[in-house]
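Given the coordinates of chain V, work out where chain E should sit on it, guided by the hints.
Spelled out from the first residue to the last, the chains are:
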Amino acid sequence: MPQWIAACAADDVDPEDVVPVDHDGHAYAVYRSPDDTYFATDGHCTHERELLCDGLVMGTTIECPKHNGRFDYTSGAALGAPVLVDVRTYPTKVEDGTVYVEVP
Amino acid sequence: MGRERLARYDLAGPENRAAVDAGLAGATWFRSDVPRKRMKELMRRTDGPAIRDTVLWVGLMVVFAGIGIALWGSWWAVPFFLAYGVLYGSASDSRWHEAGHGTAFTTRWMDEAVYQLACFMIMRDPTASRWSHTRHHTDTLVVGRDPEIQAMRPARLVKLLGNFFGLYDVPVAFRTMAIHAAGRLTAEEADYVPESERPKVYRTARIWLAIYVAAAAAAIGFGSWLPLVLIGGPRVYGTFMHVVYGLTQHAGMGENVLDHRLNTRTVRMNAVNRFLYWNMNFHVEHHMFPMVPYHRLPELHEEIRHDCAPAYPSLWAAYREIVPAVLRQLKDQDHHVRRELPPGAAPFHVPSEISDGRARALTTASA
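Those protein sequences? They're chains V and E, same order as listed.
In terms of the numbering used here, the first sequence opens at residue 1 and continues consecutively.
In terms of the numbering used here, the second sequence opens at residue 1 and continues consecutively.
Here chain V stands alone, though its shape is the one from the complex (with noise of 0.2 Å):
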């Protein structure tokens, strides 16, 4: 059953970055876009395993801190080599001045 868990504070995540949020035992990525909108993927790289969280975010790509591959962290979309499987996206919402995440 899907549910809301409150991520992080909206000023944890600098514009143009991203912050990592662990729950459940499973880690999630969680971006502010340059037009101060937020997004989450799963916190790691598909090609292996490594957190997205260390690497740079640069408008609405992040790349992998390891190998760098690049994803569209607003669709998922992997944007080619070495990435070659979209990452996951989660829904978000902001109120209150928490990010929540919608996981399964």
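Everything labelled a hint here was simulated from the structure, so no lab data went into it.
From a predicted model like this one, the values you see are computed outputs, not experimental measurements.
Hints may be right or wrong, so weigh each one.
Here are the simulated DSS-like cross-link-like pairs (lysine-lysine), alpha carbons at most 30 Å apart as the crow flies [unchecked claim]:
#, chain 1, residue 1, chain 2, residue 2
1, E, Lys159, E, Lys200
2, E, Lys40, V, Lys93
3, V, Lys93, E, Lys37
4, E, Lys331, E, Lys159
What follows is chain E alone, placed relative to chain V:
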């Protein structure tokens, strides 16, 4: 011994599975603690430095080739073609590397354009070599996993020395091109190139072979070596510097470790060498944080130097260590360079007894 050695380093051999079983494949590596804010600054992309360096690189090749052509038939052409050859056959290696990581430029098409050009010059398929290098970063110097180990234990000295003039790599490159053009991969490539990527490999090989055939036909047609001196030839007569630089990266250092300070060198170089090598002399830094563009690596070096053994002061200093170490490894495959960390540095990340830099067979160690 040669056959055993090749079997150990073969990605299609038993050491691959042994490394996986031993937890050395896709493992967690040591990284110095750098504050996120600072890392974001260092990772930030910009086109300026790479555009400047690429204009200089291509511009110098055009100028030197132009003068060489004008002086063709005279010995005065030799130094100009030598300079052209080093820019083509050596500097292309670092451009292949940096653009392959996607960190040189912030604009993707620029990165891709330089990558494709450099791949052609250094004779490495753009797709297969991207995956090969990805594996090199995942499993750096893990025996049976890393396809880019240059100095094995014992080293293949004839190959190493011959490659100062591409004598091994170039024939292998053409053989591999022929295999790709026929719609196949080598057994090693099949270990790391995904199925969906393979058609690109085959298409590139067919285009490249057509270019080389055209250059050879032009040479025959005009009765002149000039077309081959300009295209392909520099991978032979101008490639020695990329080997000089490349061997400093890992030769003689630890294998099967999970800390780049145990298997990688940082070497100080002058401005000319750093231009040709695009700052890859900061190699510990690059492996620890591959996201940092080449032009920010000197700053990253300052950021983490407290955790690292001192950088080698020169190429000469590095080779004073590399040559004896590689020669000793001909007889003693346990020997490897292990450097002392400065006081206060984070200790080496050595999670298991097999991760200590020795070249012991994993099949024995993990038994």
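Evaluated hints:
1. Lys159/E / Lys200/E: holds, 29 Å
2. Lys40/E / Lys93/V: It holds: about 26 Å lies between the C-alpha atoms, which stays within 30 Å.
3. Lys93/V / Lys37/E: OK: Lys93/V and Lys37/E at ~26 Å, within 30 Å.
4. Lys331/E / Lys159/E: holds, 18 Å
Comparing the model with each earlier hint shows no violations; every hint is respected.
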